[in-house]
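Visitor: Each chain, letter by letter, is given below.
Number of protein chains: 2
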Amino acid sequence: MSEIKKIAFIGSGNVASHLAKALVNKGLSITGIYGRNPESTKDLASLFNAKHGTADHIDVSENDLIIISVPDNAIEEVIKQLPIGNAFFTHTSGSLDINILNKLGKRTGVFYPLQTFSKEKEVNFEKIPMMVEAQTKEDLNSLEKLAQVLSPKVFRISSAQRKKIHIAAVFSSNFTNYLYHIAEDLLAKDNIPFEVIQPLIAETTDKIQHLKPFHAQTGPAVRNDLETISSHLEDLEAIPEYHEIYKLLSHHIIKSRKQ
Amino acid sequence: MSEIKKIAFIGSGNVASHLAKALVNKGLSITGIYGRNPESTKDLASLFNAKHGTADHIDVSENDLIIISVPDNAIEEVIKQLPIGNAFFTHTSGSLDINILNKLGKRTGVFYPLQTFSKEKEVNFEKIPMMVEAQTKEDLNSLEKLAQVLSPKVFRISSAQRKKIHIAAVFSSNFTNYLYHIAEDLLAKDNIPFEVIQPLIAETTDKIQHLKPFHAQTGPAVRNDLETISSHLEDLEAIPEYHEIYKLLSHHIIKSRKQ
Numbered sequence: 017m018s019e020i021k022k023i024a025f026i027g028s029g030n031v032a033s034h035l036a037k038a039l040v041n042k043g044l045s046i047t048g049i050y051g052r053n054p055e056s057t058k059d060l061a062s063l064f065n066a067k068h069g070t071a072d073h074i075d076v077s078e079n080d081l082i083i084i085s086v087p088d089n090a091i092e093e094v095i096k097q098l099p100i101g102n103a104f105f106t107h108t109s110g111s112l113d114i115n116i117l118n119k120l121g122k123r124t125g126v127f128y129p130l131q132t133f134s135k136e137k138e139v140n141f142e143k144i145p146m147m148v149e150a151q152t153k154e155d156l157n158s159l160e161k162l163a164q165v166l167s168p169k170v171f172r173i174s175s176a177q178r179k180k181i182h183i184a185a186v187f188s189s190n191f192t193n194y195l196y197h198i199a200e201d202l203l204a205k206d207n208i209p210f211e212v213i214q215p216l217i218a219e220t221t222d223k224i225q226h227l228k229p230f231h232a233q234t235g236p237a238v239r240n241d242l243e244t245i246s247s248h249l250e251d252l253e254a255i256p257e258y259h260e261i262y263k264l265l266s267h268h269i270i271k272s273r274k275q
Numbered sequence: 017m018s019e020i021k022k023i024a025f026i027g028s029g030n031v032a033s034h035l036a037k038a039l040v041n042k043g044l045s046i047t048g049i050y051g052r053n054p055e056s057t058k059d060l061a062s063l064f065n066a067k068h069g070t071a072d073h074i075d076v077s078e079n080d081l082i083i084i085s086v087p088d089n090a091i092e093e094v095i096k097q098l099p100i101g102n103a104f105f106t107h108t109s110g111s112l113d114i115n116i117l118n119k120l121g122k123r124t125g126v127f128y129p130l131q132t133f134s135k136e137k138e139v140n141f142e143k144i145p146m147m148v149e150a151q152t153k154e155d156l157n158s159l160e161k162l163a164q165v166l167s168p169k170v171f172r173i174s175s176a177q178r179k180k181i182h183i184a185a186v187f188s189s190n191f192t193n194y195l196y197h198i199a200e201d202l203l204a205k206d207n208i209p210f211e212v213i214q215p216l217i218a219e220t221t222d223k224i225q226h227l228k229p230f231h232a233q234t235g236p237a238v239r240n241d242l243e244t245i246s247s248h249l250e251d252l253e254a255i256p257e258y259h260e261i262y263k264l265l266s267h268h269i270i271k272s273r274k275q
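Quick note, the sequences are listed as chains A and B, same order. Anchor point for the first sequence: position 109 equals 125 in the numbering used here, and the numbering is continuous, going up by one each time. Anchor point for the second sequence: position 222 equals 238 in the numbering used here, and the numbering is continuous, going up by one each time.
For reference, chain A alone in the conformation it holds in the complex (with noise of 0.2 angstroms):
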């Protein structure tokens, strides 16, 4: 098994940024950081006095591992860029299949960090589950040693699993923070502080860490308490968009325990 000790990226959005940071606070070496964005390329690189250009800049022969870290949709694209070889490349997608990499050669990967990143917020790499997936069963070993660098959660996981895993994220982390933002905008219209349900919030994730989200559930729809709920529909008529929201979730928790 090759050790992984230099690392190159392709991106420079949220995820490239706190994963190389994470990298080299390990004593990993960043080699360059290539991609779209001029500006964000140059400033990432110059954390690590790396190098920084346009993707198809990159030489891989001075790297033991190529973390490509772009959007879903622009994989493609980067993918035409790059030299097909020997290279160990990896991509860092919840949804992406690793064979979206084969135009790469035999030596592909997944090393997918299962976590919401922020620019404004630092994260602790050591509480993050990473998943990893490879070809070829050495390039799996190395991927999975480097993850154990940053994380003791570390799982190997098929593309099919992690899919599976992204659509979970996307209902608890996504669709709730959407939700948050629904909350936070419904109290600034009569200007009440977020911060009065912070401790709500707070409480509500706890209690799932001990009790299955099911047995956790409260509220009127859970009551079935259809006056609460035409009451609470009432005053969201003048915002069609949060009126559906509430009218569907209730809907749904309200048939989920009829099942």
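Treat the hints with care, as some may be off.
Intra- or inter-copy, both count: the list cannot distinguish identical chains.
Subject to a maximum C-alpha distance of 20 angstroms in a straight line, what follows is the list of computed EDC-like cross-link-like pairs (lysine to aspartate or glutamate) [claimed, not checked]:
| hint | residue 1 | residue 2 |
| --- | --- | --- |
| 1 | 271 | 260 |
| 2 | 122 | 19 |
| 3 | 271 | 243 |
| 4 | 137 | 19 |
| 5 | 228 | 138 |
| 6 | 143 | 222 |
| 7 | 180 | 251 |
| 8 | 37 | 55 |
| 9 | 180 | 211 |
| 10 | 228 | 201 |
| 11 | 67 | 55 |
| 12 | 42 | 142 |
| 13 | 205 | 138 |
| 14 | 180 | 241 |
| 15 | 122 | 78 |
| 16 | 96 | 113 |
It is worth saying that the hints were derived from the structure and are not from the lab.
Dock chain B against the given chain A, drawing on the hints supplied.
Guide: This is chain B only, laid out in the frame that chain A set:
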């Protein structure tokens, strides 16, 4: 201002149980637990050596406060059984107007802990925002003082504001919990433990303590990544309710960015 020392509860559900225990822990006296359910009223009353029985058995004169903590749709039926006099009655509902207690006289109010309560899970009242309201100034003062015994976060909130807060709570707690249930259910179908997405859930809620949810939004919808969304929807076709929810929330996240 008369100090509240002796309290009776009507209702023996989650809110009544947690609230009564918290009040006793702070040195208040629970004189009785009254309600429709003979077993749960008896069980809860036995914890405090308190009386128990149906609501019509309550001796209002021996209490400084009677807290009505029953489901919203049961409160009108309870009120019919209660004597009108000089006793101080409050409900604990997020949704109901203070006026629903008008038949009980001039000494009515609201004592609303903004939290989600489940039987199996202890909560720390010191982190719970307490929302108080009362018809008379004197009752408002004594109710506020009682709330301050439980929590440093006490707010004087009107019925109209409280309803808005309750709607925001439904979005940010009840609906998010249902999305956790969907995530857990999707993972379970593939034998993947719910634990793998717990760090993601924790980070999602941690992020919004510092960032506005609008700025913390991640995922395929906010990137307008229609290919990933289509691919997820295809996978969800076998479960129409999850498909419908995924589609609607993605649609609204995309739309919220175009405004």
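Visitor: Confirm or reject each hint.
Guide: Do the hints match the structure? See the list:
Both within a single protomer and between protomers do residue 271 and residue 260 lie at most 20 angstroms apart by alpha-carbon distance, with minima of 16 angstroms and 14 angstroms respectively. Taking identical chains as interchangeable, the C-alpha atoms of residue 122 and residue 19 lie at most 20 angstroms apart only when both belong to the same chain, with a minimum of 18 angstroms there against 78 angstroms between chains. For a Cα distance limit of 20 angstroms, the shortest separation of residue 271 from residue 243 inside one copy, 17 angstroms, qualifies, whereas the shortest one across copies, 30 angstroms, does not. Neither within a single protomer nor between protomers do residue 137 and residue 19 lie at most 20 angstroms apart by alpha-carbon distance, with minima of 30 angstroms and 46 angstroms respectively.
Proximity of residue 228 and residue 138 under a CA criterion of 20 angstroms is satisfied inter-copy only: 15 angstroms between copies versus 29 angstroms inside one chain copy. Taking CA atoms no more than 20 angstroms apart as the test, residue 143 paired with residue 222 passes in both settings, with 16 angstroms inside one copy and 13 angstroms between copies. For the homomeric pair residue 180 and residue 251, the shortest alpha-carbon distance between copies (8 angstroms) is at most 20 angstroms, but the shortest distance inside one copy (36 angstroms) is not. Taking the shortest alpha-carbon separations for residue 37 and residue 55, only the intra-copy value of 17 angstroms comes in at or below 20 angstroms, while the best inter-copy value is 58 angstroms.
In the homo-oligomer, the alpha carbons of residue 180 and residue 211 lie at most 20 angstroms apart only across protomers (14 angstroms), although the nearest pairing inside one protomer, at 33 angstroms, exceeds that limit. Taking CA atoms no more than 20 angstroms apart as the test, residue 228 paired with residue 201 passes between copies only; the shortest distance there is 10 angstroms, against 29 angstroms inside one copy. In this homomeric assembly, residue 67 and residue 55 come within 20 angstroms of each other (Cα to Cα) only inside a single copy, at 13 angstroms, whereas the closest approach across copies is 72 angstroms. Taking the shortest alpha-carbon separations for residue 42 and residue 142, only the intra-copy value of 11 angstroms comes in at or below 20 angstroms, while the best inter-copy value is 40 angstroms.
With identical chains, the CA atoms of residue 205 and residue 138 are never at most 20 angstroms apart, being 30 angstroms at best within one copy and 33 angstroms at best between copies. For the identical chains of this complex, residue 180 and residue 241 are inter-copy neighbours only, at 17 angstroms across copies versus 33 angstroms inside a copy, given an alpha-carbon limit of 20 angstroms. Proximity of residue 122 to residue 78 under the C-alpha cut-off of 20 angstroms is restricted to the intra-copy arrangement: shortest distance 18 angstroms within a copy versus 82 angstroms between copies. Taking the closest pair of Cα atoms, residue 96 and residue 113 come within 20 angstroms of each other only inside a single copy of the chain (17 angstroms); across copies the shortest separation is 63 angstroms, beyond that limit.
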